[in-house]
Structures are given as C-alpha cells and as structure tokens.
Amino acid sequence: MKVPGHLLAGALFALLLCAPLALDRYWVDVLNSIGLYAILGLSLNIILGYAGMFHMGHAAFYAIGAYTTAILNTSYGVPVLWTLPLSGLAAALFALAVARPIIHLRGDYLLIVTIGMVEIVRIALINDVFGITGGANGIFGIDRPQLFGFKIRQPQHFFYLIWLFAGLTILLFSLLENSRFGRALNYLREDEVAAEGSGINTAAYKLAAFVLGAGWAGMAGTIFAAKMTIISPESFSFWESVVLFMIVILGGAGNIAGVILGAFLVVGLPEIFRDFASARMLFYGLAMMFMMIYRTQGILPPRPRVYRLDRAGGAQ
Amino acid sequence: MEQFFQQLTNGLAVGGIYALIALGYTMVYGVLKLINFAHGDLFTIGAYLGLTLLTSLALTDHVGGFLGIGLLALMVMGLVGVIGILLERIAYRPLRESPRLSAVVSALGASIFFQNAVMLVYGAKFYVYPQNLLPNIPVSVLGMPIPLMRILILVASVVMMICLYLFVQKTRIGTAIRAAAIDQGAARLMGIDVNRVIMIVFCIGPALGGVAGMMVGIYYGQINFTMGWIYGLKAFTAAILGGIGNIPGAMVGGLLLGVIEALGAAYISMAWKDAIAFVVLILILIVRPTGLLGERVAEKI
Amino acid sequence: MSLLALDRITKRFGGLTAVNRVSFAVEEGQVVGLIGPNGAGKTTVFNLITGNYRPDEGTVQFQGQAIGGLAPHRIVSLGIARTFQTIRLFQNLSVVENVLAGCHCRMRTGIFGSLFHTPGQRREERQVLAQARDELAFVGLGDSGGQLAKNLSYGNQRLLEIARALATRPKLLILDEPAGGMNDQETQELIGLIGRMRARGLTILLIEHDMKLVMKACDQLVVIEYGSKIAAGTPEEIQHNPRVIEAYLGADSDDDED
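Protein chains in written order, with our numbering: chain A, 1 to 316; chain B, 1001 to 1301; chain C, 2001 to 2258.
Among the hints, erroneous ones may be present.
[Stated by the list, open to error] Once the Cα atoms are required to be at most 20 Å apart in a straight line, the calculated EDC-like pairs of lysine to aspartate or glutamate come out as: (1) C/Lys2171 <-> C/Asp2219; (2) C/Lys2212 <-> C/Glu2237; (3) C/Lys2150 <-> A/Glu234; (4) B/Lys1273 <-> A/Glu234.
Because the hints were derived from the structure by calculation, they are not lab data. Please read these numbers as outputs of a predicted model, since none were measured by experiment.
Chain A on its own, in the form it takes in the complex:
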C-alpha cells in the first residue's frame, strides 16, 4: 500500500474509535456487530479470498470457538479472556481434522461438502453431542470478559475490545498478504497445477489456510459468546455462513478493505433500512446474482502488490 493509503486507513480507524462518544447505545451495538462480522469476514477471506477455496461452512468454526468458551467458562470456571487462545486452537484443530480429506475436491464439490459440514455441526450441537452442548437451548450464563479487574459489560466497552481486535487482525493480515505465505495462497488460487509445478506444496498451504482462518474465527467466537452471554445452535446455521460468504464476495474477495466494506454493507444497511428488514435476504439474493453478472470481483477488487525493482527495496 502506498503511504497515503496507510494514512487514510489510519485516519478512518481513529475516527471510528471515537464513535462511542457520539452515538447512542443502539448504534454502538450495531457497530459491534459490524466489527465482529468484519473479523469473521477477514478470517474467511484467507480461505476464500486469498486461497480461492469455495467455503460455506465457516460458521462451524465460529461455533466451535464460541462453544469452547461457553463450556470452559460455565463448567470449569475459566475466565473468558483466557479461553480466547483455547477457542482458536479448538477451531483450528477441528479444521485440521475436517479439511484434510476434502481439500483435493474440485471447487463446487468442496462447496457442497463445507455446507454439509456446517449442518452436521449444527445438528450435533442441537442433539447435545457428548452431553456438553446444552442442546437446542444452548448454554447461558457466560461471564463477561475481565481485563485487569475491569469487567467489560457495556456496548461501549465491547466496542473497544472488538474494534481493537479487528484492528490487530487488519494489521496482521495486511502483513500476511505481503509475504511468502500470502503469495503462496494466491498462486494456488490462480493456477494450482502451475503452483505445484513451481515448487509450492499446495496441499499443505490449502490446509494451512483453513486452519488459520478457522482459528481466527474461533477467537471471534469467544468475543461473541462473552458479548451475548447466551449461545445457541441457531446462531451458527448455514445462513450465517451465507452472510459471511457474501461479506467477502460482495465486498471484494482478497481485499481487506473490501471485506470491511462488505461487513458494513451486509450488516449495516439492513439496520438503516429497517422497514425492509424482512426483505433483507431477498435483496442479498438479488445482489449476489447482480454482482456475479456485472462485477465478479466484488466492489473492491484485490490490488496487485507493487514491488520496486530498481533497488530491490521490498514490497510496497
């Protein structure tokens, strides 16, 4: 990114951080939702945007993270923020186990299998598998996160937790884009045979993309669980996956700013146009068809990396 791009992003972010001072509770909560979806969208972006793998089961990873936090907190008393890495790990391990047999599948079939996966996870949660998931009613009574003795309870406080985590995510994933790992994912998206023939272990990178994306979604699950204090299987259905998929595809797969924009549009617009809320999904459907016919890359397509070759100064 050129320097002005950095400055612009920084300025917008600083502006955003002032939001709780100006907006009322309701809108701060909307921004909280947007923030969570932005984090989730960015985690899906690694799998779908960078690596180009059709994945509609992302809600499953989110669910595992949320449930890990819920179970550890309510049954074992583990403080919520301590469960953050554990949720990420649980989701990542699940992805490792589940993705390995299916990543060699061709695009549309991978898509179907990921849909099957998320539904099986949801059904397992409803059926109270292993007796720990609380069944259809879910788990309630999750603690609020505590940071150095300060209990995060109000939407305004959650706002900073969520958006600082989002900021960290944006920073790390921007660095990831401009690295060997990020490039490898793009190569395998563009032409898997050529990537493999150039010496890239495509199977390992596909798996790594899934694991990283899942782990991050798992951590987002922790924040979600702590914010809602109650979680149930209904929050993690295939439709959640569709919303996440749309955030990435509509906003711009492979572009961080695009995904953030996608989160704002997909979550924020229905809030603005509340009267049409029931027709919301209808519009999503139309939007998807429209975008594919007229603007496949999404609103903000991925920007090519720029390298200065005159003195090999590194990626811009």
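Chains B and C: place on chain A using the hints.
Chains B and C in isolation, oriented as in the chain A frame:
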C-alpha cells in the same frame, strides 16, 4: 419384520421423491456442469403453486380425486418449467463464459431470492394441503398393509422416471441432450442448438422438481418455505450418490438414499435423520467421488 | 552416474499405453531434445519425470535417487524445474510475482514470519526480490517487472515461464515446447538463452517441434513415436536415420514454413 417392510416401502416412496428432484440436478449438471442451487426452491414453489391452484380451482371437487390431481400435476409441471427457463435466462446464461464460481454464487443468490420471495408472498407459517383428496386405504402387499398413498407416490415417481429415461434414450431431442452433456462444443458443431437443449433441460428438470413438491404436499400434508433447502440438499446427495450427470444414477441414488434414511431413522436414531444424508454425502465424496454409476469430481492434473 | 535416467518407464490410461518402456539418460551439462510427432507421448514423459503422473512400470532416477511417484513440489525442491506446453502463468499477477513463485521453494519464512514480518523475513524478501530481478534480466525481460503477466506478448510469456523455473535454482530444466508460437527472431533469441543457461551450469531437456532450434541447440536427441523410443543420437545421426525420417521429419517438413 413388518416394521422393516413398512420402513422399506416408506423409504422407497420418499426415495422416489428424492429421485425426481435429483433428476433436475443431474440433468442441469450434465449439460452445464453447474450445480443449480435454486433447484430445491423450485421444488418449494411447486408445492405452493400446487396448493394455490388446488384450493382456488377446486379441481378435485369438479372432476374427482385422481383426475384432479393428475391435472394439477400437469399444471404445476408447466408453470415450474417456465420458471426454470426464466431462471436460466436471467441468472445463468450471462455467466456461460465466466469462471465456475460466478455461476455457483449466482445460483446461490437465486436460491436465496426464491426462498425469501415465497416467504414474503405466502408468509412463514406452515401450510396444509387439503386431506383426503385420494382414498388412503391400506392395500395388502405381501400380506402387509401398506397405505395406498405410499404406493401411488412410488408408482408415480417410477412412471415419470421411466418416461424421462425413454425420452432421453430414444428421442432425437434426448440424444441432443446427451450429446450436449458429453461435449457442448462438439454438439454445437454437429448442428445441435445447444441453447434450445439447455432450455429444454431447464424446463424438464424444474418441472419434475415442482411436481415432486406437489407430491410431498399431498403425501405429508404440510409445506413450509424452507422445505426446499433440506429436500434439495438430500436430492443433491442422491444425485452425487448415483453419479452426478448420470440419469439412471439419480434414480438409483434417490431410491437408495430414501431407504438408507428411513431405515437409519428407524433403527439408529430419529433425531439424527437429517444428518444421515449429509454424512452419506461427505463419505461418498471422500471415498468414491464417482458415485455408484458416474463421473469424477476430484481435481485432475 | 547420469543426472537423469529413465528406465523402461511406462504409463497407461485405461486401454491406451501412452508411454511404452521408454529408456534414456541425460548427462550433466547436456542439452537433450525429445522429439516426435504430435501425440507421441512426449509431454506424458515429462509429466512422469515431474511427478504429475505416477509411472505404472519402470523407474525415473535423478542424481541416483528414485523419484517416480513423488509429489511435484518435492521434485522441484530436489532440483528439476519445468515449463508447460500451454503456458501456465499466474495471468492476473504481475511479472515479478510470477518469478517470486519460483523463489518460494528456496525460502524459509513460515507463517510466523509472514504474520509478524520479522527481521529475518524482511531480509529474505529483499534477497528474493533481487534474485527475481536478476532472473528477469537474464531471460531478457528486465523492463517488464511491474506489468501483469497476461499483458505480455506470447513470446515474452514463454520467457517469463523460464524465468520462474530458473528461480527455483534447478539442476535440470525441462522445457515443453519453449518456442511454441515464437517468430524467427524470438526463436533465435531463445537459442541464445539456452546457450547462456547451459553456460550457467544447467542441464536442459526439451520438447520442441521447431527443427532449426532442435538441430542447433541440442547435443543429443531422443525420438518418440506412439509412446516408444525409436531412435537416439546426435542431431546429425537422427537427421539421416531412415526410421525417424519416415515417422516424423518427412511429415514435418510439409508444414514447417521457410
């Protein structure tokens, strides 16, 4: 033993319905190499249109049960067939030359659109088909009482499947469809109007799906705007099970899945019934992606 | 010990035997050409060497080590790089990014370094960028770095594929129809490039239909027809081999312009 036989016939009846829907997926996939996500919703539309026509035209009152249902089936097939053609024109034709993902996303968008359109028009509650349209007396088969409805559903499905099979195998248009499914470019060079073939496929496939929806309404009595999702995914599993793109495969896959599901629900667990289809799907794709009778789905080098 | 040795390598697809007990060796420092009519199985032989296909019978040995059936990326890291008959570049990425793909297998930065841009990662990025720049200059694309690959001319795209292959630091370079679609001048430059690569210490195995290039650039030729090897020797020997003339050169002189 009787329990087993009841479940078996039940599974076959449901399987027949899955097969009818699966045929829609497989035919479209065969010709366009596209998974028509919206197909399950065409099934839903068939169910709702059937109900609307049935109640507003009061067919069965005028001409009696069997004829009334028969006419209803034809009307539903016709209407849903037309919707199928429109769907192809609007959502898929512009993307013929685009990468695969675009068409898949568009299909998903169409599915979401249809499902919510049904919800907005009809509402989210469950609707009930009029009962007792056809006499539902138990018929004695091999000494055990089987509901007549179940037999009728199975027979109707099988008859339609046989008609389709003969159509595809014996008629000129059917041969054109098979040719286009093997190699669209070559078919075009041979003078086959591929656009027309695709239009016909998008008429027949959705028509079968729509009439299956009507049959579900009559058999189970209850319909809901989300039914297309679950039936669609199961039918898709059936198509994959039989080998996607393979018409006899879809028939076999549908019946087989229906039986597996019915027996599984009865003997393993009712609560996990829906999961059975997903598990079958994932297992098949991992273990034998070609399906029982069909084509490869893993990445070729 | 030969650098590359194929011993009775065989590949069948259903009822068709695409490659039938083919044996030949490539010595270090040589430029060997694999020629034969279209459909003879030459690219299949390449795919067997590079790991895209697994041999049904026979062995492929590279530097004495059996490599048949290894994954393609493993074979690249062992020292064999390839270009493709139909160009397989990352069309929507830039020229320099395409070359960086070749550098990938010689880099060590893992996910941690990639996420946090450690000093080691940044140093390695500078190094590979310099290397990519050098390879582009070497093949003659020094000015094109920032362009998208799809905007290059056809001939330049072939050169880019070679640059990407060179970036993997191979010992053996396998070129599948590198002159395909090139005009006379580009072909001459390609012959020069092959000479420069050889001077760099590379061993080259290539498939080509352009007889001028093959005769000028290659030390040894291996002739394949219908999946079997029918002759091997120097270009002069092959030119006068009646079996080869009958199978290939005769038919080819009809459609070779000039």
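These are the hints, each one checked on the structure:
1. Straight-line distance between C-alpha atoms of C/Lys2171 and C/Asp2219 comes to about 17 Å, which keeps the hinted pair within the 20 Å bound.
2. Distance hint between C/Lys2212 and C/Glu2237 is fulfilled; the C-alpha atoms sit about 15 Å from each other, no more than 20 Å.
3. Our distance criterion of 20 Å between C-alpha atoms is broken by C/Lys2150 and A/Glu234, whose separation comes to about 46 Å.
4. Distance restraint check for B/Lys1273 and A/Glu234: the Cα-Cα separation of roughly 18 Å lies within the 20 Å cut-off, and the hinted pair is therefore satisfied.
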